[in-house]
Each structure stands twice: as structure tokens, then as C-alpha cells.
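Undergrad: These are the residues of each chain, in order.
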Amino acid sequence: MGVPWDVCLGPSSVRLRSSAIRDLLAVTSQPDVISFAGGLPAPELFPIDDLRASFDAVLRADGAASLQYGPTEGHRPLREYLASRLSLRGIAASPDEILITSGSQQGLDLLGAVLLDPRVTVLIEAPSYVGALQAFGRCQPRFQTLTMDEDGLCTDELWKLVDGNQRRGLGAPAAPAVIYSVPTFQNPSGVTMSLDRRRRLLEFLAVRPLPLIEDDPYGELRFDGRDVPPLRALPGGEDTIYLGTFSKILAPGLRLGWVVAPRPVIDRLVIAKQGADLHTDSLVQRAVLHYCRHADLEAHISRLKECYRLRRDAMRSALERHFPSGVRWTRPEGGLFFWVTLPRSLDSQRILADAVAQKVAFVPGTAFQANPEESTFRHCLRLNFSNADPARIEVGIRRLAEVVGTHLEGTPK
Amino acid sequence: MRAPPRARPVALNLEPRRERDAPALYRQIFDATRGAVLTGELAAGDRLPPERDLANRLGVNRTTVIRAYSDLATAGVVEARPGRGTLVRAPTPATRDQARSAAVTSIGARDQGPAWLIGLPPLGRANLGPDAGLLSDLAGTSGRPGLISFALGTPSPDVVPRQRLQEELVAALDECGAAGLGYGPVEGLPTLKATIAGRLAQRRVIASPEQVLVVSGATQGIALIAQSLIEPGDEVAVESPTYIGALQTFAAAGARLIGVPVDGKGVRVDLLESVLSRRRIRLLFLQPTHHNPTGTTVPPERREQLLAPSWRYGVPIVEDDAYGELWHEPPDPFPLKASDRHELVIHLSTFSKTVAPGLRVGYVAGPAALVRRLALAKQFSDLNTSALSQLALARFLAAGEYERHLHLVRAIYALRWATMLAALSGLANIDVSPHSKGGFYLWCRLDGALNARQIVAAAARRGVTLIAGEAFFPPGSGAPGDSHRWIRLSFSSASPEAIVEGIARLAVVLRRQPISIPASQIEGTQPLV
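Protein chains in written order, with the working numbering: chain U, 2 to 414; chain V, 92 to 620.
The set of hints was computed from the structure by calculation and includes no laboratory data. Even for Gly, the Cβ is constructed at its ideal location relative to N, Cα and C. Take these hints with a grain of salt, some might be off.
As the list claims (entries may be wrong) - Looking from chain V toward chain U, a few residues come up when the C-beta cut is under 7 Å (computed):
id, residue
1, Leu272
2, Gln339
3, Pro407
The shape of chain V in the complex, shown without the other chains (with noise of 0.2 Å):
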């Protein structure tokens, strides 16, 4: 049952400006709306004012309210119901019953499955979102010739360490022969773990090897997390824009994601404060380093500002810190866990990033009760991460290679960091946020004539693939109103030749200049390595 709307509509607590710089007045609108639902004095339900008495109140003509209105219900923050005037929404994902409809219809227009199909519950793309395939169909694209990604968020092909990783492989098989092909602890292979604890005591963690789990990539340490301490309904707080496959794994576990702006030194307190006071957010996931999209880090004032309220509020923080070593510039920014002295933070990393991807190895390091939970989750999920790749891991790890694999990869990504910015300065129509000094992307809006799913799709004709900034924003009260300019930009999986013939590429298509590149000749381009 849907509670009926409140009797009296709410007020909108606006002072329009009319300044010659203000910006328009449907987007201040907008933006008060949002802003107002996302802190939470707007609640699901809620009525707004009549377009009309809007339109009055504020003095502005009736087709910019209605303008505004508009957008809003595009964003999924408000509804038009009929007879009821025009309602605040409920944060994502939609109701059980709604996604498995859309689900079910979804399906039944697609494909002609057996007739049990009827009746499933709801997993599909429905509630994950349009972009719901989007991770799974970039993994996909690796290795297409001819074109140059600045879409997937993987490492170079050429610094992963092959050889090394075989050599160790190898050994690890001859030294542990059965034992490195039966089942495995749960928990991870006590060498491994034992490893990782010391590492993490480099970067000031302190975890002992009972703190830490082995997971099969980041992604899994995600939904081990959100099966263990987040039921359906509940609230999970993330910084806006952020990593996709996080809103998507807690979106799948049924949480209402609630998007928390970010500037340049992260997420901002003072709305995740006010966030914390008025809403019940069960977790806060947050990427202090090196954030995925917008490269930036949390300065070290800021992180004891981000863990006072996760304190005051018993509400705690997953530190996603896949990027967290991988800086152009020293010092190391020492993860938020190396700050945490109350059992606050979960920590969690992969060496997808700085390793392997394929090899599929993460960890979670945080309280002990909260390990031995996910244990748990994780053997009824998959028993265990594969037992060989672990004991690559292990060997390379403690021969000191991972330190200096580190090195040599940092001096690389910091070379087509550089290379990316210098060949976008020349480009007029898009602007490149500053803040990025470490991971492996450029966030960048482009100009107001610009739609970032056009330009994406004109890109990619050209051979040059890029992801629109749309699918990282929570879906919802979560998007800004220019979430559309967007485009994200990784500069590690190409070379500085290739970045600078990719960005050429994408001058061309910000220009909408006709195609200079015939088709054919793209096809059989291979990547410049």
C-alpha cells in the first residue's frame, strides 16, 4: 500500500536568483528539488506545488516550472500521478513488484523462453538501471583491433607482468603439487593472507591475517558486503558520481542508493552529515583515493572530518581503494582504514588494478566478526577464489616483485596521465576536471551544446570508445542536472601514441566534423604499443 500523499503540498524553500550569471531558472528549480529530497526534507510522497502557484510564488513564467518538473521526473525524483498532482519518489531501485513487471516485459519482448519465465522474481536490467550491461559488455571488448580504449578501466596489456606470474605459477605448482588443486581454506590461502597483512601494515593498516578475507575480485568483496549488512529498503550512501559496478552490486542486493556530491576533495561532508542526521543509511561506500571517476583524493583533513560522523552515527564506511597505490606523484596517500581507530572502515582492494585483472583476486580487511560473516556468505557464493592464482599472487608478492612491479607502473600511468591532459588542453569544447592524481581516469564535462551519449556513440564509429558520465551517477535524487556532459576517459589501457591518435579521434567527433577515417581502415588499425 502506498501512503496517500500528505494534505497540504510542501513549500519549496527558494529564492530564485536573477543575476546575469545565475543559472536558468528550471534548472534552480531542479536543483532545489533535488537537493531538498536528497537531504531528506523532502520525503517519498510528497506533493509538490502546483505548477501554477509555483509559477506565482517564484514569479517566473509557468512553462519554466513546468520545464523543471519535467526534468525531475526524468531524473526518477518525482512522478506525475494523475489527480494527484506530482509526487516525490522513492529512492531507487524501484519496488519488487514494478521492476518484475518491467522485468517480465522486458524479457517476454525479447526472447521467447520456456513459459516458467513468467512468474520469475525480478534480476534483470530492469532494476540495475539502462547500464546494467554495460561492465560485462566492455570486459568483452578488450582486445578489438583497431580500436583504442579509453573506456575500460583495465591495466595496460603490456605492464602486466606475464612472465613473472607464469614463473610463479609454475613454481607454485611444483612446490605445492595436490594441495594447489583441491579445495582451498574459505578465507584465502594463509600465506596469501598473511602477505597481504603486512603489506597493509606498510601503508599504516593494521589488520591481523584473521582481519583479512580473500575475495574473487573487488566486485565480489562488494556483494559479500551488501548480502551480510544491507537488507532490501535499506539505504546505502555513495559519493556522486561513482564506481558503477558498486551501485550496481548494491542495487542488486536491493538497497535505495543515496548519492552524496562530491568537489574537488571528495565527497562533502557537510551534505553527508546532513544525509547521516536524517535519513537510516545502513553503509556508506566511499573511494577516498584516487576516486573512480573523478581521480580525486580526500585530503588528509578531510578524512578525519568523513569518520567523526560515521562515529557519531554508528553507520560504517567499505573503502573501496582498487586505485589507492597507484599515484603519479608520491607521497602515498595512506588508505582511510590507516586513520580508522574505532572499527569504522572495511577496507577493500584487488590487484585487478595493479597485478592481474584475469587472475580475479581481492580482499577485504576489517573487523574480525564481520570477516568470519563474509567467510561465510562467500562459501556459500563460491567455496573459494581459485587456489592457483592466489598461490601466483602469494609467491610474487613476497619476492618483492609487487613493490617493484609498482614502481614501474606508476612511472608508466603517470606518462599517459600527462600525455591524455596535454592532448586535451587544445580542445575547446570540453573541460577536464583538475583533480586527478593517481588511478586511471580523466572525469571531464563537455561543452553545454554537447550530449556525452552522442558524442560516445559518434566515438565509437571512429574507433575510439569512452564512457558516458550518466551510468555512474545513482540513479534518482543522486544526478546533478548536467549529468548528461559527462564523459569519463581512462588513459591506462593505451599507449601515449595511441591516446594522442585517440584523442585526435575524438577532436574530430567534438568538432562534428564529417569522418575523415574511412571504416575500412579502422578495422585494421592495431593498437599502437
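Isolated chain U (complex conformation) (with noise of 0.2 Å):
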């Protein structure tokens, strides 16, 4: 008989949500593609030589401990370290209530494990970051949307949604869901909540306690406007849950990232995690620690910040000066993306396919939908602009407005 892979892989496959982003980095890593697609740091601007005298100094002075296992939760140092740079945020936390992940994606996917299965309802932003539709659709829960405005998610339908529940019967005040939102320099909008709604979104849950999950990878990249606190650090957020990462004010690579959760949900995490890779790697986490204490993060940062501003201005001052009207875009005032509204009769993944043609690439607005069968973003692009200096900004944007242009003139190639 021998083993039936195909059937073997079969029932699970349903599970697993197609992957929009592996698709399309396969098409853009050839050189000549200039990319707004993957949400990827500039990597000039990684600090290798800092980087590289961290790991040379930590094996060094600490080398059997930083090749040998490690505590699940996390380096102990790197907790406190993270506790002591959170309060500058204004997160109080205890090291104890911050646990290190393999990068936020996997914090993403520990929390799945931990808060969801198919009974729970996970109310998320639409559009929404893909990395945590799939880690949370793992766990089959429904995805129900909220929409957003300039001011981040409307949270009127939070209240419009849990009392509508009730009324059918759907659902007891602890009916079963949780709140996924990237609140700053939403991916992929780019947009950030307001403190107003912020403060509003603390009420809901203030009367009607959910698990609240704040995705914040983009928080410390604001380049103008008026900083707004974590959702974490305002009254009334102490309950709940807070992502960060390395990811993108350092390395990527490097798959370093931290939740923040009240203790009992802490202790569920570690089991999660003991099972899914027991800990992360202990060498990076003792390497970033000693980037972060012996190099000055706070001016690397600085300096990204600064590439970045001019990057955002260069793409869109080219939206302005190549796109046609009729087309809108965001205004981020920080993070890594552009979100942009065509006419409604363009399919944006159609003019993908002729804009790779012409060497330049974007990610569809379908990718960020909760349920496939939506086509509510059919006519929406995300644009990063934080992976090209602003000459290929420059030429991309030309580029792709022409091919935006064609379809607008029904004649696409």
C-alpha cells in the first residue's frame, strides 16, 4: 500500500490560508524588479559591523551559555532590558509578564494556540496583515471585519457587533472573541488610530472584557505628526496583549520579537512555545542584548527614521506628480507602507500581473481580506517604500502608473 501523501495531506490543507506574499516574492527577487511589495527594512541600513562585534564579543565572553539551551521565556537580561525600554513607551510591565518569540509572527502564532479555536470570533481591522490572518486561521476561528476610517477602526461597530450578538442569542457577555489591530502605521494602511478612538476602543473593553491583541512593530518609526501611546500604556490597557519585534528597528533576520501579557497568559504561552521550538535561538538573543546595551540603538534608529521620511516623500510626491485622479492613498505619517484606492472598476491583481511585465511589483489589496470570498479590496494596492532608495521610487511609481493608466483606459496589454 505505502503511505497516501495526498490523502495524508489533504484534510489540513484546508486550514492553511494560499499564501499571497510567498507567491510574490518568488516573481520580485530578481534584481531588476523594483519592489513595493514585501514589507521589508532597507538593508543598507542594517548595522552589521555593530552586529557582528556583538556576536563576536557575547561568544567570547559567554559563549558556552549562548550555544547551550535556554529558558523558554527568554533570556532573563533581555526581559529586564525590554521591561526597562518598554517604560520609556510608557508600558509598565514586568519581565516576568514579557515573553521572547522567534520574531512577532510567532508570538502571532502562540496566541492563536492560546486564545483561539473555531467557537472564537476574532475581530480584526479590514484590510488586515496577512502574517497574522494566517497565523491565527491555523486555529479556524471566524473572522468578522471592522472597517477603518483616517482615525484607525471604527470602534462603534465594536459596540454595534457584540450588542447585535447578544440580541440573537449569539452571545453572553464572555462571548468567545478577541481584537486583533495594528494600531500605528497599520499594515497595510499605514494608518494610525487616533488617541480619541484609542480611548474609546479602552471603554468597549472596559464594559465588555475581550482579549485586546496590539500588533506594534511600527510604533518608534514616526517621522512627523504627534506621537499617540500604545493602546498598552493608556488607563485601561494594563489587561492587555502587546506585540514587538527587532524586526524592523534592527534586523529581521535575526527573528527576535517579545510579547507583553498579563502573567496567567504568559504561563499559557510558554507551554505553547515549548512545544512549537522550545526557545529561540540563545546566541541572538545575547548578541541583540549587547547591541542593544554597547551600541546606540536609539541613533540607529534615528537614522532610519530619517531614510525613511525621504523614501515616503519620494513615493509620494510620485503619486502625486504620475498617477492619474481618481486614484487616492493614505497619509502615513511613519512605518512602511502606502495604501492605495484605484477607481472601483480596476482589479488590482490583474494590473499585477502586467506590472511585474514591467518590472515593478506591489502587493493586491485582495491579500489583506479576512475571507477570501470578499472582494471589498479588489480595486486597493499596498505600496512599500521603505525597500528602495528614491530614484527606484521614482522610476517604480512612473512605471506602474503607466500600466495603472492603461487599465484606466480599459486597454490594458
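Combine both chains into one complex, guided by the hints.
TA: Following this line, the structure appears as C-alpha cells:
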């Protein structure tokens, strides 16, 4: 008989969402393609010399421990460092309330394992971060989208949803639901939730206690405008869950992130992480801590912000000059992304096919839909501005505008 | 809805043996019942004969039957239900709702959390068994001064090739620059995958680089396999005993674990055949070489016998080969995967035991379709394994350092193995399972009067750590009656001098003599390395 692999692999395939990012990155890795697709930091800014010095120093001074098994919760001094660094952003958390993860993708995956099952509804912004949809999708929850405007997710909808469920007998006060949000420089929209909306969200949670997952990979990359504190730092946010990462402020290849959560949740996450990968790379944890203590992380973040601000400005300027009227885009004050809305008649997935032929790439809006059958964002697209320099941004946006133009005229190549 | 119990109680197929050396009667009843559950003769919900009836039929005292039923209940094989008698339980884990209420209760009792905690789905210590925290607790104890650890399955810190890895890492950053710090391919760095495929070929495993997936330690490999091949409620057959982490990771995926006993040549093929034919097993998890915890290696003739039922019943085998290359005496026992001509075996290994666990690099080699699926699951879990660790290892392997290093550590571990065996041979109340010819562990059975957990606790107070064997047995029907008498001793991380000292401390505990070393002195004792 042998193993019928197609049968073995069959049933669980429905649990895995197809990965738009994965297929795209394959196309865009060719060097002559100008890619606005991936959410990639600028590799030329990685502090290679300082990191190499930190790896070298850690292996020299602390080699045995940095190559040995370590605690599942993470390297204690790194958790202490993160606790003090988070306090600068107004987040009061003890080291015991911090779990080190293998990138914040793992944080999402573990939270899915701990919080979700098919009975749970995930309330999620529309459009939403693809990685979260994928990580949560494994647990087969229901996804319920929340509308966003320029002030972030519309909190009024939360009341309607929960009250509506209650009226229909679908949800007692403790109805299983989880809210997931990227409130600052959201992926993919670039929108930041206003302070007023944040307060309203926390007011809602005070009345209807639900777990809130605040994913904040870009919060420190603000170029202009007034800083808005993380939800976790605001009054009433103490019981929320907060995700952070070194991927966007240092280097994604380090695969180092963290979760801040109430102790009982951390306890569960630790159990889940133990079964997932035992613990995060000991050497990387120590080397990054060494870097943070001995190199100047704040100066590095300032350099990143300066560079990304120029790129954001270059992209905005190119969009204004090259794109036809009737196309709108968001106004990110930080982060990595523009969200572009084309006239409703256009299909960004078809535009992508033509754009790739013209050596420019982006992610079509349908990739960010929580429910694959929806077509809300068929005419939208996400543009990343951090990974190409201003000159390439100018060329790439011009090419893209030409492709969009041909689609508007109804004569796509 | 639980199915109602069958109308007629099932008959137990048992003729009690009464000769002098026969096991106690209650033990015979226990073993016969557990065996029947294991092979599927008894199913969940079946009702055991009433105590009085069975006692009459077997001609034994009623208290003997009561004792056996009580032990079966403690072992999780059966449960007493008021008004319905003694019923066979479903294999572990507990149903989601049971686990949920247990998890919520335990959390509520321990810590006042946010209000939304009530209503969380179950993922807590409750459905991972009593030793859920064991591995992370253990991992956290490494390096505590004064402690001699026979508990940790870690390579000795003094044999980890720190300097070479340092050189390779710095050179890799020089060579690759930014590429070493960006997102990498989900499947792993092409250079490392090619090197692994080449290394596997030397061990007679044919796998192209596309059939290799780099994972963040073997644990992640097990987790991804479980996610991709197991639905909650599916049955996974494992050796009994087996690696604790595998039990936990499969349990977390919702698998029901079916333990198949082992003998001196590995998993018992006769019982395996019976389990596969009677049950709907989705996956077999085996460690054919230098099994953790028993140290057993399946001999060549039994390997063919393992593959045959896997082929016949269409059940894939996960071969965990974490210790495969760490033998004390040649020749290399080639992986089970080397004998696999029908894509039955998913080969899983790690550099954690051979090079350095802190790097968290392992790999899976298997059918291309499976590897593609595992890669997708990995992308959703953590995107990719740390690129720098992969680069350093790839260079370490390519430079031929790996082979030299294996040569060195095999000699070191062989010495420690022999040292620990010799030290234990002087102790009267402990039997060492004689089958270990490689790996990190000795599997030992304590004298009947001793309880492993008590010994472990007493030994820890004397500054020597070990693990009680119960944690290695799948919960429920998989554990033999004497599971509370086994301990696992790791000889990998302590020097020969520390091994002698540690066994001497253990000997004191086993003799139950008063503590002779003051606690303060233990605190200050440095490991003898």
C-alpha cells in the first residue's frame, strides 16, 4: 500500500490559507524588478559592523551559555532590558510579563494556539495584516472585520457587533471573541488610530472584557506628527496583549520579538512555545542585548527614520505627479506602507500581472482580506516605500502609473 | 454525547498464574486490562466486570480486584462511574471541554488575571500532563552552580565548538553582509540544505535539497508535522517510553497517544502490528537509534519488520534521529530512512545534540510534497530559522569540522557513559537497562521499595538532578505498572569526575542515609569540569 501522501496531506490543507506574499516574493526577487511588495527594511541600513562585534563579544565572553539550551521564556537580562525600554514608551510591564519569541510572527502563532478555536471570533481591521490572518487561520476561528477610516478602526462597530450578537442570542457577555489591531502605521494601510479612538476602544473593553492583541512592529518609526501612545500604555490598557519586534528597528533575520501579556497568559504562551520550538536562539538573544547595551540603538532608529522619511516623501511626491486623478492614497506619518485606492472598476490583481511585466511589483488588496470570498479591496494595493531608494521609487511609481493608466483606459496590455 | 456503556460487561481474557515467581495477582489483572486496551480489544466506554464477579471467576480475593481497578484508574486507563461501574476511558488527552475547565480552574486558582481569561480555549498544563513544564524548567536550570545534572539532555558545555562557531559566524557576516540579517527563505538557506543533503547521502539517505526543510530545532519539526498530518482526536503511536517533548507536542496538537512497549531491540513489532491493525493510527513516532530514554537501537533485521507494517497500513513513520550520530562504538547505525524505499519515513534530526543546542537548528527530510506543506506551516509559525545560525553551521559543516567534531565528542561521551556505568555497578538497589550503545542516557529501574519521584526530589536536595521515568510514558494506557520505578540519567553534560561525585550523592539517597554534605557547601561547589 505505502503512504498515500496526497490523502494524508489533504484534510488539513483547508486550514492553511494560500500565501499571496510567498508567491509574490518569488517573482520579485529578480534584481531588475523594483519591488514595493515586501514589507522589508532597507538592508543597507543594517548595522552589520556593530552586530558582528556583538556576536563576537558574546561568543568570546559568554560562549558556553549562548550556545546552550536556555529558558523558554527567554534570556532573563533581555526581558529586563525590554521591560525598562518599554517603560520609555509608557508601558509598565515586569520581566515576568514578557515572553521572547522567534519574531512577532511566532507571537501571533502562539497567541492563536492559546486564545483561539473554531468557536472564537477574531475581530480584525479591514484590510488586515496577512501574517496574522495566516497564523490565526490555523486555529480556524471566525473572522469578523471592522471598518477603518483615517482615524483607525471604527470603535462604534464593536458595540453594534457585540450587542447585535447578544440580541440574537449568539453571545453572552463572555462570548469568545478576540480583537486584533495594528493601531500604529497599520499594515497594510499605514493608518494610525487616533488617541480618541484608542480611548474609546479601551472604554469598550472596560465594559466588555475581551482580549485585545496590539501588534506594534512599526510604532517607533514615526517621521512626523504627534506621537500616540500604545494602547497598552493608556489607562485601562493594562490587561491587553502587546507584540513588539526587533525586525523593523534592527534586522528581520535575527527573528527576535516579544509578547507583553498578563502573567496567566504568559504562562500559557510558555507552554505553547515549549511545544513549538523550545526556546528562541540563545546566541541571538544575547548578541542583540549586547548590541542594545553597547551600540546606540536609539541613534540607529533615528537614522532609519530619516532614511524612510525621505523615501516616504519621494513616494508621495511620485504618486502625486504620476498617478491619474481618481486614485487616492493614505498619508502615513511613519511605518513602511502606503495604501492606494484605485477607481472601483479596476482589479489590482490583473494590474499586478502587467506591472510585473514592466518590472515593478506591489501586493494587491485582496491579499489583506480576512475572508477570501470578499472582494472589498479588489481595487486597492499596498506599496512599501522602505526597501527602494528615492530614485528607484520615482522610476517604479512612474512605471506603475503607466500600467494603471492603461487599465483605466480599458486597454490593458 | 458520550456513548452509553455496552449492555454486557466484557470478559477479561485472563488465567491468573499462581507459581512462586508470578507477578502479584492485582498486577496480572492490571497488565491484562491495560494490554487489552492497548491492542483495542477493549474500547473506550467498555465496562469491566464488577469487582465481585471477577474475583469469583478468577478465584481471588475481592480486595485484589479492587486494588487492580484502583491502579488502572490512577493510570488513567479506566474510570469508576457511579451507577455504571468501571469504564474504559478514551485515550488521552482529555476532551477539550474537560481540559478547558481544568485549565480555567487551575489558572483561576493560581493567579487573578484579567476578566477575559475565563473562556479561553484549553492550552495549559492540564492537557499536557503533569510534567508540562518539565522541559522548560529543566532548560532554565542549566548552569546553576554546584549542581551536578544528570537531568539535562544537553551536550557538555566544554565540548561545544565555541571558537570555531565564533570564527564561522564572523566570517559569514563578512561574506554575506546584509543578506545574513534579512528575511531568508522559509525552507532554509540553500547552502545549508545542500550540505545536509550531502551529509545524509553519506549515511545512505537519499534526499535532494528540495526534500530538506531547515527547522528551529527538532521540536519545531515535530510541531510542524503534527500540524500538517494530525487532526485533533487522531491517534499517534509512540514507543512507550519515549521523548517527553514529542508527547507534549503531539498532545498539544490534539493527538491521542497510543504507547507501544519496547524491549531490548526497540519497539515491539508484534504489538505494533496489532495496534496498527486494530486502531486507526495516523502517524508512528519512533526513535530507532539511541532511543531517548532507553538508549536502545533497533537492529537491522527489526528495521525491515518496522517498515513492513507501515507500508501495509499506509501509516507514515516519523524517525527522530537526534542522537543517531552519537554512538559509542562503530559502526554507524544508518538511519531507518536509509532502508526506506517507499517514502514511508519522515527523517527528523537536529544539531542541538551534536553541535550546539542554543542555535536552534534542526532539519526534516521527507517526501517533497510533505516538505512543501511543512514549509507553509513554518512560514505561518515563525517565517524562517535564524539566518546567522544557519550560516555559521553551514560553514562549520562544509569545512569538514563537523566530522572531526563528531569524532571528538563520541570519544568524550563514550568515556562518560563507561564512567557512569561503572559508578552505578556498585549500587545494589538500581538496575541499569543494558541496551544503551549511544546517545546521552542510561535508563534505570529502582528497587521495588523505592519511588522514583521521591528519589528525584531527595537527590535534588543533595545537588544532583535526574528525571523520574513516568514523564516518558504516554499518559493513560501506555504506562506499565512499574513506571513509577524508572529514572533517566544523562551522562552527557557532566565531566567524568562530576559523574563519579554525582552517582556517589545518588548512592547516599538510595541508601536513605542522612545528608552528609551541608547544604551551604553544595551551594558553593563548582561543577568539576
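Undergrad: Quick one: which hint numbers does this structure break? Sort them smallest to largest.
TA: No numbers; nothing is violated.
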